[in-house]
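Peer 1: Once you've looked at the hints, dock chain B against the given chain A.
Residue numbers (full-length UniProt numbering), protein chains in the order written: chain A, 1 to 213; chain B, 1 to 213.
Hints listed in this document are in silico derivations from the structure and should not be mistaken for laboratory results. Among the hints, erroneous ones may be present.
Since the list gives no way to pick one copy over another, a pair counts as held whenever it fits inside one copy or between any two copies.
[Claimed, not checked] Dumping the calculated DSSO-like pairs for lysine-lysine here, alpha-carbon to alpha-carbon at most 27 Å:
hint	residue 1	residue 2
1	Lys-46	Lys-121
2	Lys-57	Lys-76
3	Lys-36	Lys-18
4	Lys-172	Lys-34
5	Lys-86	Lys-57
6	Lys-86	Lys-76
Below, each chain spelled out in residue letters.
Protein chains: 2
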Amino acid sequence: MKLAIIGATGMAGTALYKESVSRGHDVTVIVRNKDKAVSLLGNDVKVIEEDVFNLTKSDLQDFDVIINAFATTPDKAYLHLDLAAKLISFFRETESPRLFFILGAASLLDQKEELFLDTLKTFPDTESWISIPIEAYKTLNFLRGIENVNWVGVSPSAEFVAGDATVPVIGKDHLLASANGQSLVTSGTMAVAILNEIENPRFIRTRFTVCNQ
Amino acid sequence: MKLAIIGATGMAGTALYKESVSRGHDVTVIVRNKDKAVSLLGNDVKVIEEDVFNLTKSDLQDFDVIINAFATTPDKAYLHLDLAAKLISFFRETESPRLFFILGAASLLDQKEELFLDTLKTFPDTESWISIPIEAYKTLNFLRGIENVNWVGVSPSAEFVAGDATVPVIGKDHLLASANGQSLVTSGTMAVAILNEIENPRFIRTRFTVCNQ
Chain A
1 MKLAIIGATG MAGTALYKES VSRGHDVTVI VRNKDKAVSL LGNDVKVIEE
51 DVFNLTKSDL QDFDVIINAF ATTPDKAYLH LDLAAKLISF FRETESPRLF
101 FILGAASLLD QKEELFLDTL KTFPDTESWI SIPIEAYKTL NFLRGIENVN
151 WVGVSPSAEF VAGDATVPVI GKDHLLASAN GQSLVTSGTM AVAILNEIEN
201 PRFIRTRFTV CNQ
Chain B
1 MKLAIIGATG MAGTALYKES VSRGHDVTVI VRNKDKAVSL LGNDVKVIEE
51 DVFNLTKSDL QDFDVIINAF ATTPDKAYLH LDLAAKLISF FRETESPRLF
101 FILGAASLLD QKEELFLDTL KTFPDTESWI SIPIEAYKTL NFLRGIENVN
151 WVGVSPSAEF VAGDATVPVI GKDHLLASAN GQSLVTSGTM AVAILNEIEN
201 PRFIRTRFTV CNQ
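Pulled out of the complex, with its shape left as it was, chain A reads as follows (with noise of 0.2 Å):
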């Protein structure tokens, strides 16, 4: 399939890159530098060098999937928002391509029921950070409204940390834990998910999760 990744030289556009190559998709990825992506990825990537912001709805509409993988610094944190209304918009009442969207934790429920981000909330120091979280969530919200496009999103356990792929459990919008009890998923486990997904789509206009077996 014709893929195209956002945010590719981060730690799950990485993984993800590796694991699409690996099974044999034609791979682009969309980053602001060649060069870095070049270092990261190696001389055979694909390249679109463009600020997302700046894509057109031509630049995007050949691809099969799309993999939202946008990271941002949590001054910005709000720009995880606008990019998802700006691709929502550009494919009003298509099925395709598919926006495969890497929300956070923290929208999901935990054993009481309580949303964790709540949870989240609790932490010491969260001012450095939160936004980040508080940002997925309302793009999740933002998404379970929008009923005329092909989305999909996926978030990761409480950690999601770098680290090579194990077998994915899949839920849906419960926080996931492993048989010892740990809440981890590592950025090889996301990318298999996430391919599993694209090749056997399971969750239409939804949004599951990964834990680490």
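Peer 2: Relative to the frame of chain A, chain B by itself:
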């Protein structure tokens, strides 16, 4: 003040244009069809002839207030949300221009604290028009999450009809009714309420409602 009106050839927009000009403001209308604007609003009208989705930040940034009276057909009601998201993305981290959104009445609460949208959904033959209040409600919920843009929303009463101005009665999140029990606002009264709010801001990053006395 330097005002822009999007959708100035509609019922609300026409009344807004007349009220704005009568108060001495410098008004520009943003319309798809200049001839229609001239025939409705007169030869002196200042026009930007452009599809709103092609507008750029530089087209809009010099206005003090942008009044969004954009209306859609029911099959394109989602454009209401997309336009709001586009305008918000232009003016993140700014106080000017102020963005003034005309929303529907469906997001108001009735005397039983029930959402008026839920009452509307019980009406007969809703399929042909219910998308419009649904999308306007989504737009308000989207706006409620926006903390770094100078926005305000206004909802009409249950009935919103063409007519001259009376003294506006102002409320917050509940459907208003006049002494005779009618929940109605005329386009003239709506225009007076909007211009009053523009000249003396009282509602910042929130929504208010208007009823005829």
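Peer 1: It remains to establish, for every hint, whether it holds in the given structure.
Peer 2: Checked hints:
no.: 1; hint: Lys-46 - Lys-121; in the structure: neither (40 Å within a copy, 49 Å between copies)
no.: 2; hint: Lys-57 - Lys-76; in the structure: both (23 Å within a copy, 18 Å between copies)
no.: 3; hint: Lys-36 - Lys-18; in the structure: within (15 Å within a copy, 55 Å between copies)
no.: 4; hint: Lys-172 - Lys-34; in the structure: neither (35 Å within a copy, 50 Å between copies)
no.: 5; hint: Lys-86 - Lys-57; in the structure: both (9 Å within a copy, 14 Å between copies)
no.: 6; hint: Lys-86 - Lys-76; in the structure: both (16 Å within a copy, 16 Å between copies)
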